[in-house]
Structures are given as C-alpha cells and as structure tokens.
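The sequence shown begins at 7 in the working numbering and counts up one residue at a time.
Hints are not guaranteed to be accurate.
Below, a list of computed lysine-lysine pairs in the DSS-like style, where the Cα atoms sit at most 30 Å apart [to be verified]:
id	residue 1	residue 2
1	K10	K29
2	K88	K105
3	K102	K10
4	K49	K10
5	K69	K15
6	K49	K29
7	K10	K88
8	K15	K88
9	K102	K76
10	K33	K15
11	K49	K102
12	K49	K15
13	K76	K28
14	K28	K10
15	K105	K33
16	K69	K28
17	K28	K105
18	K102	K69
19	K69	K88
20	K15	K29
21	K105	K10
22	K76	K105
23	K28	K15
24	K76	K33
25	K102	K88
26	K15	K105
27	K33	K49
28	K15	K76
29	K49	K69
30	K10	K33
In case anyone wonders, no lab produced these hints; they're calculated from the structure.
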Amino acid sequence: MNEKEAIEKLQAIANQPEDSLKKFLAKEILTYDSPQEFFSNVKEFGIETLYYYEDLEEEEIQKILTDYSKEIEQMQLDNSDKPLSDTERSWRALEKTAKDISDELDLER
Numbered sequence: 007m008n009e010k011e012a013i014e015k016l017q018a019i020a021n022q023p024e025d026s027l028k029k030f031l032a033k034e035i036l037t038y039d040s041p042q043e044f045f046s047n048v049k050e051f052g053i054e055t056l057y058y059y060e061d062l063e064e065e066e067i068q069k070i071l072t073d074y075s076k077e078i079e080q081m082q083l084d085n086s087d088k089p090l091s092d093t094e095r096s097w098r099a100l101e102k103t104a105k106d107i108s109d110e111l112d113l114e115r
C-alpha cells in the first residue's frame, strides 16, 4: 500500500464510530508527517520511548488502560512468568496494536 492509501485507511480507522485502541492509535499516527515516520520510529526506538519524548504522562497511560481495559485484556499480553504491571500491559497493548496496524497497511518499504 502506498502512503496516500495508508493515510486514507488510517483516516477511515480514526473515523470509526466505535472507540478502540486501534482508533486511538490511528489518530496518533495521523499526527506524524507520514505513517512510515511513525512506524520507523516505533521500530527503532520502541513505542514507550516514542511516547516518553512526547511527554505522555503516567495518568494518560492509566487512562489508556482504563478506557480500553476489556480490549487489552483480550490481547493476552502476559507471555512471561512475571505478571505485568498495568503500565507494562498498556505499553504492550500499544505495541501490539501498532504492529497490527502496520501489518494491515503493508506500507511499501
């Protein structure tokens, strides 16, 4: 998919009537100069670092966990022996959602 098609797809996701983590992240991706910029930053630095530099506050991470708790729960992110904190679970959910969107967009590299 080329950049124009990717932006159109992201706009369609962002305009969906039902609120979701995917919709939240699509809106965020659209704030970047290009979807590829967002995804290469996530790949290079990780989503947590990306949001750290955007000054995403702990309260905002907790809000993500609260607002999308059922969706995050369904993702089954605990794949280790050590239980995840709410914050870690939120980051993993954002990372998984970003990967899912990236796969869906299949941007030309």
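The hints, checked one at a time:
{"no.": "1", "hint": "K10 x K29", "in the structure": "holds (18 Å)"}
{"no.": "2", "hint": "K88 x K105", "in the structure": "holds (23 Å)"}
{"no.": "3", "hint": "K102 x K10", "in the structure": "holds (23 Å)"}
{"no.": "4", "hint": "K49 x K10", "in the structure": "holds (21 Å)"}
{"no.": "5", "hint": "K69 x K15", "in the structure": "holds (26 Å)"}
{"no.": "6", "hint": "K49 x K29", "in the structure": "holds (20 Å)"}
{"no.": "7", "hint": "K10 x K88", "in the structure": "violated (42 Å)"}
{"no.": "8", "hint": "K15 x K88", "in the structure": "violated (37 Å)"}
{"no.": "9", "hint": "K102 x K76", "in the structure": "holds (15 Å)"}
{"no.": "10", "hint": "K33 x K15", "in the structure": "holds (11 Å)"}
{"no.": "11", "hint": "K49 x K102", "in the structure": "holds (12 Å)"}
{"no.": "12", "hint": "K49 x K15", "in the structure": "holds (21 Å)"}
{"no.": "13", "hint": "K76 x K28", "in the structure": "holds (13 Å)"}
{"no.": "14", "hint": "K28 x K10", "in the structure": "holds (19 Å)"}
{"no.": "15", "hint": "K105 x K33", "in the structure": "holds (15 Å)"}
{"no.": "16", "hint": "K69 x K28", "in the structure": "holds (15 Å)"}
{"no.": "17", "hint": "K28 x K105", "in the structure": "holds (10 Å)"}
{"no.": "18", "hint": "K102 x K69", "in the structure": "holds (18 Å)"}
{"no.": "19", "hint": "K69 x K88", "in the structure": "holds (23 Å)"}
{"no.": "20", "hint": "K15 x K29", "in the structure": "holds (11 Å)"}
{"no.": "21", "hint": "K105 x K10", "in the structure": "holds (19 Å)"}
{"no.": "22", "hint": "K76 x K105", "in the structure": "holds (19 Å)"}
{"no.": "23", "hint": "K28 x K15", "in the structure": "holds (12 Å)"}
{"no.": "24", "hint": "K76 x K33", "in the structure": "holds (20 Å)"}
{"no.": "25", "hint": "K102 x K88", "in the structure": "holds (19 Å)"}
{"no.": "26", "hint": "K15 x K105", "in the structure": "holds (15 Å)"}
{"no.": "27", "hint": "K33 x K49", "in the structure": "holds (19 Å)"}
{"no.": "28", "hint": "K15 x K76", "in the structure": "holds (25 Å)"}
{"no.": "29", "hint": "K49 x K69", "in the structure": "holds (24 Å)"}
{"no.": "30", "hint": "K10 x K33", "in the structure": "holds (16 Å)"}
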